[in-house]
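A.B. asks: Go by the hints and put chains B, C, D and E onto chain A.
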Amino acid sequence: MAKRKSKRQLKQGLPPGSLVFTGDRHTDAAFITLVQYNEENAEEKISTDAIIPPDEGNYLLWHDIRGLQNVPLIEQLGKQYNIHTLALEDVLNTQQRPKLEDYEDALFVVAQALSFDETTKEVQTEQIAIYAGEGFLVSFQEKPNDTFLTVRDRLLNGNGRIRKRRSDYLLYALLDTVVDQYYIVLDKLEEIIEIQEREILDNPTDANKTSLYQLKLEILGLRKTIYPLRDAVSSLTRTDNALVQDSTRIFIRDLYDHIIQIMDTVDNWRDLLNGLFDLYLSNLSMRMNNVMRVLTIISTIFIPLTFIVGVYGMNFDNMPELHWPYGYFIIMGFMFLLGLFLLYLFKRKRWL
Amino acid sequence: MAKRKSKRQLKQGLPPGSLVFTGDRHTDAAFITLVQYNEENAEEKISTDAIIPPDEGNYLLWHDIRGLQNVPLIEQLGKQYNIHTLALEDVLNTQQRPKLEDYEDALFVVAQALSFDETTKEVQTEQIAIYAGEGFLVSFQEKPNDTFLTVRDRLLNGNGRIRKRRSDYLLYALLDTVVDQYYIVLDKLEEIIEIQEREILDNPTDANKTSLYQLKLEILGLRKTIYPLRDAVSSLTRTDNALVQDSTRIFIRDLYDHIIQIMDTVDNWRDLLNGLFDLYLSNLSMRMNNVMRVLTIISTIFIPLTFIVGVYGMNFDNMPELHWPYGYFIIMGFMFLLGLFLLYLFKRKRWL
Amino acid sequence: MAKRKSKRQLKQGLPPGSLVFTGDRHTDAAFITLVQYNEENAEEKISTDAIIPPDEGNYLLWHDIRGLQNVPLIEQLGKQYNIHTLALEDVLNTQQRPKLEDYEDALFVVAQALSFDETTKEVQTEQIAIYAGEGFLVSFQEKPNDTFLTVRDRLLNGNGRIRKRRSDYLLYALLDTVVDQYYIVLDKLEEIIEIQEREILDNPTDANKTSLYQLKLEILGLRKTIYPLRDAVSSLTRTDNALVQDSTRIFIRDLYDHIIQIMDTVDNWRDLLNGLFDLYLSNLSMRMNNVMRVLTIISTIFIPLTFIVGVYGMNFDNMPELHWPYGYFIIMGFMFLLGLFLLYLFKRKRWL
Amino acid sequence: MAKRKSKRQLKQGLPPGSLVFTGDRHTDAAFITLVQYNEENAEEKISTDAIIPPDEGNYLLWHDIRGLQNVPLIEQLGKQYNIHTLALEDVLNTQQRPKLEDYEDALFVVAQALSFDETTKEVQTEQIAIYAGEGFLVSFQEKPNDTFLTVRDRLLNGNGRIRKRRSDYLLYALLDTVVDQYYIVLDKLEEIIEIQEREILDNPTDANKTSLYQLKLEILGLRKTIYPLRDAVSSLTRTDNALVQDSTRIFIRDLYDHIIQIMDTVDNWRDLLNGLFDLYLSNLSMRMNNVMRVLTIISTIFIPLTFIVGVYGMNFDNMPELHWPYGYFIIMGFMFLLGLFLLYLFKRKRWL
Amino acid sequence: MAKRKSKRQLKQGLPPGSLVFTGDRHTDAAFITLVQYNEENAEEKISTDAIIPPDEGNYLLWHDIRGLQNVPLIEQLGKQYNIHTLALEDVLNTQQRPKLEDYEDALFVVAQALSFDETTKEVQTEQIAIYAGEGFLVSFQEKPNDTFLTVRDRLLNGNGRIRKRRSDYLLYALLDTVVDQYYIVLDKLEEIIEIQEREILDNPTDANKTSLYQLKLEILGLRKTIYPLRDAVSSLTRTDNALVQDSTRIFIRDLYDHIIQIMDTVDNWRDLLNGLFDLYLSNLSMRMNNVMRVLTIISTIFIPLTFIVGVYGMNFDNMPELHWPYGYFIIMGFMFLLGLFLLYLFKRKRWL
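So the protein sequences, as listed, match chains A, B, C, D and E.
Just so you know, we're using the working numbering here: the first sequence kicks off at 1 and counts up by one.
Just so you know, we're using the working numbering here: the second sequence kicks off at 353 and counts up by one.
Just so you know, we're using the working numbering here: the third sequence kicks off at 705 and counts up by one.
Just so you know, we're using the working numbering here: the fourth sequence kicks off at 1057 and counts up by one.
Just so you know, we're using the working numbering here: the fifth sequence kicks off at 1409 and counts up by one.
Check before you lean on any hint, since a few could be wrong.
Covered by chain A, according to a simulated footprint, are these stretches of chain B (three or more residues, beta-carbon under 8 Å) [as the list claims (entries may be wrong)]:
id	segment
1	521-534
2	560-570
3	645-653
4	660-671
5	677-685
Once the Cα atoms are required to be at most 25 Å apart in a straight line, the calculated DSS-like pairs of lysine-lysine come out as [to be verified]:
id	chain 1	residue 1	chain 2	residue 2
6	C	Lys928	D	Lys1280
7	C	Lys928	B	Lys576
8	B	Lys495	B	Lys451
Since the hints were made in silico from the structure, they are not lab data.
Keep in mind that this is a model prediction, so the values were computed, not measured.
We put the CB at the ideal spot given by N, CA and C, even for glycine.
Chain A extracted, bound-state conformation (with noise of 0.2 Å):
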């Protein structure tokens, strides 16, 4: 749990608006990917500084900076952009609720991206904070992998129609990306619970439960990420901000359709995961009960036997059974068919 440690204490007594970076530090510099495209055009630029962008042309500039940890940067942006204080604060901790903040002309959105670690099998956060106004839309991501890749190939290579629309339908192509590596992860995640689903059935181990424990605690984390940015997707298509036009509201709705199928699966999955440590926890007490019944059946065949022994090595001088010539025979034979009839008898019952 030690990552979802809260860094507020680092901010405590600092007036709001105070603008701190609470991240993790990532070794490597921030650096910032401009995008400025219309129509007819579209040029990458890459820079670890402010990049100026030309005045004329009637560009859509957007701004994609990878890494927070160079605050001035951020600042010098923020006043570039007239981006309100609160709205660059919130950037800066990287322990945001998704959500949208609707500014007159603008809007902020929130959201954290979902990647899944194959070495740790934890699911990772990202924040990624977006702030979109006329003509420029600027993207803050916490960590310097690439999670836009595919919009910005599809920006210069200029195919559907993404550089004929505005700064609404990037936001929402940058959502919509987002949302997209959510399935991915929910399949690595569904791999895991089916490989625990044919594990508690066949042969539930010690293992199972922790497991179990850890997806419960990474759905938890699925559902506090996803729920505030189904709220905020859905003031989205709501809104009734002038940037956001009637085509792209038809899109934001089907962004919103994916989120409500990835909620129903999650909330699915709790049940599931509910019933399948149901399951574990009676699985493994009727393996233990099998056992112990097992065991206690051989003490029960055998001491009656053992009873019957101690008969015979009791020293009464007059005991007509130990002078028989095959009395020690008969009474082994005796208890040989003794404990043949009990066995038949516990198996009879089912208790074997």
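C.D. replies: Okay, now just chains B, C, D and E, sitting in the frame of chain A:
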């Protein structure tokens, strides 16, 4: 859980609206059944290609596409009736959540038809997508089986009110057919639940546990199918789309009632299954406890007796009882009586 | 669960609005009781055919159909009063969810009357459908028993306000009669629950488990009956249908309060039953544990003693104690004291 | 559960609005306390008959009826103040759900007063019904105890704002008195819960289980009383009835806050009791397990030792050890050491 | 649970609005800190009496009362700023539910500040009440510790926007300070939960159970504090009170986001704790089961061996094996092998 696998990965990175079929490819070719009808007349044409319908006659045209692997065919139909790309994408992505999309001049409904596979005892889903506009309706079925046979028969045989109505009523009739089939699936599941119930009350075995878990999964799946359909049909009863006539609305409300009834049943089952699982667990643990108790009582009777015979197996020089002429028989009789007394004691205490 | 079986299958493939009776066919013929009354006068006619009511006299006509197997009779009444086909279908499909349909000039209510079968100790349901229009009311009962006797008596004897009122008040009076009978059923169930409660607190047996499960099912069934009825009556309090007079509304609100109270009781019982089941399980496991503990303690006392007698059954040449004159008696006394000491120890530790 | 018995059966078949007292008949006669007051003056009259109040003086008249067995008296008051029959029926049916009825010129509130019976350690309920109109208020109490003593004192002593206000404020004051008594009951219950908590954490016994179950029932009962009262008071804060002055509304909102606070507390307790029950069960099973473990360990140590002594009790001709001079002592020492070793082993493994 | 004790009893019977302090009396005297500031100037005065503020200078006056035992002082302030009696009553009754009261010309907020007591490892609450009007704000703190130090510093040092704003912003700033402290408490609790988690996964002991129960209580308490605060702040974002400027609203919305985030965290913890408790129980029972299994296996191996040695302890005249020269050694060897075989068997069956 294998069949629930998301196929979004296939589409990862493609722009939204890209048409890729994500369902299972059935070997049979896809084909179209076109029913064109008006109040006087009804005709059926079957083809594996798109069918150009007649311009005259004020026919209502129902294209019923069965099998979705022929993507170009679907694209052609999409162009012919001006269907939104996102709707077509939903048609081909056969893992859609049931929903209603309210376009200005058309209605688009996605639903999941259910059938019960007698062999695997599992509920099968098939995605049904219906796009209804003024004077036409296109239905897309994932599999080639004839889901809408009864509706087509009613159309061709000309009985009932269906030939006099417009595409909104046909849309209702198709959805009603889908929902009617839910009842069959519910009846099958109810039979299975009843069998489980009887077995668990009478004689619970290990197999019941897995069956209950499978049933829980089925119920979860049903809920995932029915809840969004309810929302979709509820929206349909309230839509102000010009396509939906007031005289149809009352039928849609009736359909809505049916879905609610199905939902009630399914929700009830969920509670019932939880109750059954608790009952199963407690029945099983009681059985196990009974076995252990009986075994323990056998041991408990013989352990004091074994002690007694041990006493007379001791080798002390001076043990008067050993030299009594009937000592052996006295002690054997005493132990017999002691055993009986213990049995009686346990019986009276209701331990046996 | 057999009686809850859906009969939709019978109708599979028929167009909506087809009239097929899906309830149990009672051997007695269906018959109609017509009560025609105005403020001065009230008359009762009984027939197995449709009764043509008088045109004059400003009578309010109440047709009470008991038994639904005579479908043509119901169709005839439907035509006579212009009842919607879907409403008639609901009348005949006796598995309807309680509901209110608000037609322009009429109200259609479906409810489930409850009765308690003393023999099977089960709650029986009977579908009641009421179609009320201006100047008439038709009630459809599934079974021939006289549910509305008290209302008819009040009408014929002319006491109370009922003769002065219109069909909306009669509708209320019939529903009130149905809901009043719920209280009787609740009282019966409460008795059963109290008996279970006492048994479980005093002396839980295996039978309680099944009884609790049956009660849970009954409660689930009640909820399924009462919740939608609450919604229906709630709509009735708020309907703007011209049929419902303001002076009646206050009575309907009172009816609504009664249903809410019943719901509260039933919901409380659900929690109470869950609590009882937990209590039952823990009581039972405690009993079992007590038995096992006592048995184990008996063994635990005798096992060391058996070891001791084993020691003196060894055949070593040199075992001085064996040759002591009172060795045997000393060792017997020692074992007796040891046994007492262990008993005392276990008692002091509260293990016994 | 006996006291929760519904008494609707008594009224089965009577038309709605029939006045039958369904509460417990207390031996004392019912009586009326009339307090008539205005800003200058306040007077109290006590009688067992209806009291005709003075016409002049602009008095506010508060009739406080204690005990409901005198039905004619109540009917007379009902006529005097034009109280709706259904309201009077609610007054007499002492199993009412708390509610607010908003008549055109009057407000009718039903609440349940709570008190804690120190002897039975149970919460007692008493139905309070209040009918407030312009210039008068009639309160109906089920039992003769003086619930509203403090309010009457404040009226007669003339301190505070109560004498200056109208019947809406008096209605508030009475409800506030009722709710204030809830806090006393809550404090008593809290004490009991705390005692249970301490016992369960320290030393759980069989009695705790029944106590927890009783507490659960009490909490369920409280919720059934408080939830509808919250709804009633919430309606009262929002009612547009001319009777309620704006200056009173703020007090009613304050009352509403108190009820919400009580509800929060009760809801918290429900969770807390569930947690306590889990804790109790696990504490108890842990204790039991500990006992069984210790007992089993004793057996496990002696069983191998018993085997060893059995070995030297065998009668083989050739058993060299038997003839060693110190064989007996060696083997005794060995067994002693083995026993110690096993003890040490179990201790190290933390099994003991 | 002692500290949660309601103190309403003290006030039983007093009219509403009576001012009685119900919190813990701290030994230190109550005192007031007055900060008067405008954009240019800020001054601080501390006194144990009421401070008459200057009339001129367009100062915003913030009275910060710490300690509530001086009731006359609070009454005087109430008169000075025309605070409603019920608000003052809420100030003194330190068990208030957080809430917002929207007076015509003022806002009244009650919140609970949280702090974490490192010694008792418990969350402490302190009631904060804030009454903000045009040009002034009065804050009431239950305890004398300096909760609002950072805000006062920002005011006196004049940095940031706070000096330019009105009382609505100050109200926000104070609430923000309170909520910021929640994060510290959450971090502390998270540490404790993490420790519990690690212990339970590695090596659960009896102490974890009590700790988990205590944590559950803390979480319940937190929820009781945070949920109503969320409602209050939510109302504050939507209030149309003239006091709240639009520029402040965005900050309040930010505050609201923080509370929602805290709520999410706390709700997640509740699920997590339930999961941990299940895990704890199953871990513990598994441990216990393992111990019992091993012990039972030891017994099960020795019981047949004991039977065998019993056989050769029998005193039959004719037992050939006894006279074999190496009979003893053969039988010992056989038993050794049998023991090994049983061990191997149990190992292979994974019972050991």
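A.B. asks: For each hint given before, does the structure comply? Return the numbers of the non-compliant ones in rising order.
C.D. replies: Violated: hint 1 alone.
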